[in-house]
Structure formats: structure tokens, C-alpha cells
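full-length UniProt numbering puts the first residue of the sequence shown at 1, with every later residue one more than the last.
Check before you lean on any hint, since a few could be wrong.
[As the list claims (entries may be wrong)] In the SDA-like style, the derived pairs of lysine to any residue whose C-alpha atoms are separated by at most 25 Å in a straight line are:
| # | residue 1 | residue 2 |
| --- | --- | --- |
| 1 | K92 | R55 |
| 2 | K92 | S105 |
| 3 | K92 | A76 |
| 4 | K92 | E56 |
| 5 | K92 | Q108 |
| 6 | K23 | Q108 |
| 7 | K92 | G54 |
| 8 | K23 | S85 |
| 9 | K92 | E62 |
| 10 | K92 | A45 |
| 11 | K92 | G33 |
| 12 | K92 | A40 |
| 13 | K23 | V41 |
| 14 | K23 | R99 |
| 15 | K92 | E61 |
| 16 | K23 | G33 |
| 17 | K92 | A60 |
[Stated by the list, open to error] The following label-pair restraints were derived from C-beta to C-beta distances:
| # | residue 1 | residue 2 | range |
| --- | --- | --- | --- |
| 18 | Q19 | L52 | 32 to 38 Å |
| 19 | A31 | S105 | 30 to 36 Å |
| 20 | I34 | E61 | 22 to 28 Å |
Bear in mind the hints are in silico, worked out from the structure with no lab data behind them.
Beta carbons are placed, not taken as given, at the ideal position from N, Cα and C, and that holds for glycine.
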Amino acid sequence: MAESGGACRIAFTNPATVQGTMKRLEAYAEAQGIPLRAEAVVADASLFEHLLQGREARYAEETCAFLAGLTAADPAVPVAAAQLSMADAARKLQGQGARIIEPLSALQRHLAAW
1 MAESGGACRI AFTNPATVQG TMKRLEAYAE AQGIPLRAEA VVADASLFEH LLQGREARYA
61 EETCAFLAGL TAADPAVPVA AAQLSMADAA RKLQGQGARI IEPLSALQRH LAAW
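Please model the entire structure based on the sequences and the hints provided.
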């Protein structure tokens with residue numbers, strides 16, 4: 001996000017996590033002196049229900065479509081998958097050349113530094 005001047009779309013499938021995540025992101029950006037122009041984008045509520053009901057394959061498929069739509073809408077603005085449950089879909093799209101940030105890479109780097 002810092003590379004894009006703070007512009008980013010933060011994608012969520014679980015609407016219950018949006019407010020807390022965005023507050024933490026804004027606080028982190030402010031503490032780091034990074035200008036942040038982030039837009040939270042929430043998928044249809046039925047998407048996260050697939051995961052809660054154990055329909056992982058459908059969740060993964062629809063999450064890929066959701067993220068692909070966001071990256072296609074404005075390829076110049078990176079999309080960040082906000083939840084760990086979205087990481088596989090995000091990595092799949094990265095493999096196809098999409099400009100998308102996923103949470104597992106950052107977590108792995110953080111843990112490796114320990």
C-alpha cells in the first residue's frame with residue numbers, strides 16, 4: 001500500500017470484521033507516517049455464509065470471483081484480502097498476475113523474523 005501512495009481497496013467477506021480492521025489499519029498507517037486512502041469493500045453477506053456452513057469450495061470460488069472483479073475494476077489500485085480465509089483465493093489470483101495483497105505472506109514474514 002505504501003508503494004501506491006496509500007491507495008488500496010480492502011476486501012472483506014465477513015462484514016463483522018470491517019470496522020475493527022479498518023480502525024487498526026488507520027492507526028498503523030498513521031503511526032508509520034503512511035498516507036492512507038483505503039476503501040473497504042464488503043462482499044455480499046451470503047458469501048461468508050458459505051464458509052460458516054462448511055461449503056469451503058463454493059466460498060473459495062466466489063471469493064476468487066469477488067477479488068477478481070475488484071482487481072479488474074481498477075488494475076492500478078491494489079486490492080488487499082483482509083481475512084485469512086481469503087488467502088488461498090488471493091494467492092490463486094496472484095498466480096494469474098493480479099495485483100493483490102494477501103494476509104498470509106505478511107504473517108509468514110512476521111513469524112520468520114522471530
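Status of each hint after checking the structure:
1. K92 with R55: holds, 18 Å
2. K92 with S105: Judged against 25 Å, a Cα distance of about 13 Å means the pair holds.
3. K92 with A76: holds, 19 Å
4. K92 with E56: holds, 15 Å
5. K92 with Q108: Roughly 17 Å between the alpha carbons, so the hint for K92 and Q108 holds.
6. K23 with Q108: This hinted pair holds, its Cα atoms lying about 23 Å apart.
7. K92 with G54: Measuring from Cα to Cα gives roughly 20 Å; hence the hint holds.
8. K23 with S85: holds, 20 Å
9. K92 with E62: holds, 13 Å
10. K92 with A45: holds, 22 Å
11. K92 with G33: Not OK: K92 and G33 at ~31 Å, beyond 25 Å, violated.
12. K92 with A40: Satisfied, since the Cα-Cα distance of roughly 21 Å is no more than 25 Å.
13. K23 with V41: holds, 15 Å
14. K23 with R99: Since the Cα atoms of K23 and R99 sit roughly 24 Å apart, the hinted pair holds (cutoff 25 Å).
15. K92 with E61: Given pair K92, E61 holds - Cα atoms ~10 Å apart, limit 25 Å.
16. K23 with G33: holds, 15 Å
17. K92 with A60: holds, 10 Å
18. Q19 with L52: 32 to 38 Å: Between Q19 and L52, where Cβ atoms are some 19 Å apart, the hint is violated.
19. A31 with S105: 30 to 36 Å: About 21 Å separates the Cβ atoms of A31 and S105, which means 30 to 36 Å is violated.
20. I34 with E61: 22 to 28 Å: violated, 34 Å
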